[in-house]
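> Below are the chains, spelled out letter by letter.
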Amino acid sequence: MKFNLGRYSIRKKLTWMNLLVSGATLLLASSAYVAYELATLRLSMVQNLSIEAQIVSANCASAVVFGDPDSARNTLSALSAAPHIVSVSIYDAQGAPFATYSRDPGEIRETPLTLPEGRPEVHKFANNSLELVRAIVFQGKLIGSVHMRSDLTEISDRLLRYGGIAVVILLICLPAALLFSAIFQRETARPLIQLADVARVVSRDKEYSVRIPASGSRDEIALLIDAFNEMLGQIQIRDAALLQAHERLNLALKSSGVGTWRWEIADGAIVGDDFMYPLFGLDPGADLNGYEKFFRMVHPRDRERVRRTATESLRIDAPFEIEFRVIWPNGSVHTLTARGNMFRDENNQPVRLTGVCWDVSARRLAEEERQKFVSLVEQTDDFVGMMALDGTIIYINHAGCRLVGLEARRAIGTSFADLHPEDAWSNLSGEILPSVLRGDGNWVGEARLRHLATQQPINVLMNIFPVNDPETGQLLCFAAIMRDVTERKQLEQQLLQSQKLDSIGQLAGGVAHDFNNLLTIISGYSELILGRCDPNDPVVEPVEQISRAAARAAALTRQLLSFASRQASEQKDVHLNDVVANIEKMLRRLIGEDVQLSLSLQPDIGIFRADPNQVEQIIVNLAINARDAMPGGGKLLIETANIYIDEESAQGRLALEPGHYIMLAVSDTGVGMSPEVKSRIFEPFFTTKERGKGTGLGLSTVYGIVQQSKASITVLSEPGQGATFRVLFPAAPAGKTGASEPIAPPPSAGTETILLAEDEAGVRGYVRHVLERNGYRVAEASNGLEAMDVIHSFPVPIDLLLTDVVMPECGGVELAEHFSGVYPGVPVLFMSGYNDRLWMEGDQAVNFIQKPFSSPALLARIRELLDARLEAGQKTADTPPQTS
Amino acid sequence: MTAPFRSRRRSAARRILLAVLLAICLHTVPCASAQDRPHPTEYQIKAQYLTDFGRFVKKWGNRPAPGPDESFAICVLGQDPYGQSLDTAVHGENIGGSPLVVRRIAQPIDATGCRILFISSSESGQLQDIFGVIGTAPVLTVSDIPDFVRRGGIIEFVPDGNRVKFEINLALAQRVGLSLSSDLLKVARVVRRTP
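Listed in order, the protein sequences are those of chains A and B. Residue 215 in the working numbering sits at position 214 of the first sequence, and the numbers go up by one each step. Residue 1238 in the working numbering sits at position 26 of the second sequence, and the numbers go up by one each step.
By construction, these hints were calculated from the structure, which means they are not laboratory data. Quick caveat: nothing in here was measured; it's all calculated off a predicted structure. Positions of the beta carbon are idealized from the N, C-alpha and C atoms, including for glycine. Hints may contain errors.
Unchecked claim - Which residues of chain A face chain B? A few of them, derived with a C-beta cut under 10 Å, are:
| no. | residue |
| --- | --- |
| 1 | Val66 |
| 2 | Asp71 |
| 3 | Ser72 |
| 4 | Asn75 |
| 5 | Thr76 |
| 6 | Thr115 |
| 7 | Gln140 |
| 8 | Gly141 |
Please build the complete structure, drawing on both the sequences and the hints.
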């Protein structure tokens, strides 16, 4: 049985406690006393009885001695005064009864106690009586014994008396205890009850200003009260502080525009505080709460993302942050950031997401602005980079990475010095940067970078300047903007070159002009003399010599003049192939038997305006030059083609505008030229031949004519690799030509399957990319063998083979043979280096596209070939089968 | 369970009684057997009384109290009626440390050292002389001569059936300087206070 004391008030408890304590104490005390008394009572009874026995025996001694029972009886009768004595018997020395007294007549015990030997007295409690036997000793002699019997009424009397007293005491003391406890507990419990009352008030009304009155005592309860009061005071202080903090928070939230929200998991409700409304462009009090209402305000394209982020956060129990757009009722779009966290209840179950939300539209705008500038920097073709004060790159744009061959992801942290050749860097770091630092401002000038992969130097125009903190002016880092001027340099070179040649030409022209005049005089007068002379005159021979010499001189002068572009030219429509055809015979004679001449003439060559004679001159001079480069014989190839120069290809070519051109190329397998020779090849009187061989004017003449025709000429040669001279005549404007040539780049897309064989990965990739972008399906191989595998394994028939000529394992030619065996009639297009063809045997009709080629050119060529095949196919389809 | 207990106690009590009786017997009169209690004769009783009287005398006049350095003489003057009884009664007894002795004397003159003098009835005619000799000496005179106390004796044996009573002449006792205990007086039959 559980006894719940807690139910009772302190008053009752104290009262009961007191009562119980007092009662128990009294009871115990009384019982102890009673027990003690009882215990001693017996003893005292015995003692009393013993004394009485002694008295009796003393008084009766003489009676016993002198045998006078009456006397004894007399004496004994006095014992009636002792009501507790039931009987007294005196026995003589022999043990015979001598005298007896009995309180209640008729009642005599028969067998009394007997004295054990040696003991003067013995007693026994039995049957409600106390028996005592004492020896009567008279003057040392045992003369008898006295037997006393007493009842125990004394004990019971005593018991009752004490019991009564105890009860009385209890009856008196318990109420007294009650009274005292009433007083005491009032004193003790009052403070406690006050405390309890105040605590109740505090907890019910949340009123912390109440206090418990001090009791003036210093006991523990008073201390408790003091502590309680102090605690209330502390709570008040804290409340005030909390209120302050709350107000501050509110103020902060209000001024920061941060709203708080929560998203209940149970019912999906979304609830926001007052600060959320302005974020959504709503008036306070507007109805935002609710899942659907919230999402309706979110920008449609961000809804899914928001939903997903929130549920993901719930799933993985991680905080989230998300930026999303909302559309205000007035239609404006704003960007908000929300941060949220999962909140669990006491059972650790997820209950809701809670978080904050604030407007970041301004920041987003700033971000967008920044992005624009970043894209500016990223889009430019110039190198833009920033270098920290310790020399490491902290930013570099894409163009910059491309320029120096640096991988974007490894750019940051790379040392800026690595991008420079050593000498350039020592100059930069030793002189330029310090001068910039000194405050000389930015430094602009030419510098050299180094391509990290090829280690080739890159000429740049560098603008390097410090970036300072706008507030403190402290140097933050260096920034550099660099432009690749390699091309410009090239152009400069070319300009220099042409200027040089021009000036030489002018000089030569000037001299030649005067010279021509003098020659005219010489040859004229020679003619005169010859006309006046007799044929047999011996002076004829020498004069003829003079005349011939003058004629030769004149020819030379003419050449010189044509180099200087001073020669008069007749501009006509030139059909290049016709020009070539005209002089073919002469060329063969000119170049000799050791040199094998082959022609590759584009059938539908375009027309251009030039002097046909001059064009002839070009071809002849180039042929002669080629012949002279092949002393042991070789091959000479003359090509004509229609070329379209696009923007890309026009770069780096001085005075070359994009557009249509007619190309004349003369290639040889001669000794080739070194770069030094190449750079001077068009200089008049520059020759690599021995003295006396050649005038050194042949190529100069060519150059001059080219200039005059508004054409351009380039030389491709490597020592030992022969040479190709390529002249580009600007095509005549459309309408002048009757040939149907593609004016604009033809639509070059297609869906055919092309097998691409190219060993150089970069080229292969580029070509593949171009083809695929235009719809072609591409099968690629990196050499002939691979290509052959592809031929056999490709699931779809191949419509065209596009192959490099020179490849390891198996070259383009071999491949083409194999290919044609499998796919007879399917076009093959060779991508050739500048004179790969010359190394080929035979002169089958092959299709070439010259490297480097532009993508439109490639696509056009491919399309052309494929269309030709289609037509051919069509034709055979159309042609009725021959019956014979 | 009390019954066996009681019987045990009863048998124990019997044994104790036996022992006590034995002790008593051994201590006092040698008995023939524990069960044998012969009724005492007249002169045995008187002999016993004689030995006991001395115990009830508080003061012996100018004589010192009986002590161990002297013997306590009980004299018999005249014909000794006691036979062995007095000797038996006296045997081993002492009063106040003084050993009791029995002296049989013939002449009153010899009674001077006696504390107690028993005058035999054979001397009933010589009482005056005897008293005259004794005079006021503190001697407790006892006799069974009739009218002894009237005739000048202090204690007179008076037969009473089986019992032996005695009368005391207190005045006389006082005159001779014997102070008698009231206890004795209590059991005396007659106490003469006045001469």
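> Now tell me, hint by hint, if it's right for this structure.
Hints versus structure:
{"no.": "1", "hint": "Val66", "in the structure": "holds (5 Å)"}
{"no.": "2", "hint": "Asp71", "in the structure": "holds (9 Å)"}
{"no.": "3", "hint": "Ser72", "in the structure": "holds (5 Å)"}
{"no.": "4", "hint": "Asn75", "in the structure": "holds (8 Å)"}
{"no.": "5", "hint": "Thr76", "in the structure": "holds (8 Å)"}
{"no.": "6", "hint": "Thr115", "in the structure": "holds (4 Å)"}
{"no.": "7", "hint": "Gln140", "in the structure": "holds (5 Å)"}
{"no.": "8", "hint": "Gly141", "in the structure": "holds (8 Å)"}
Comparing the model with each numbered hint stated earlier shows that all of them hold.
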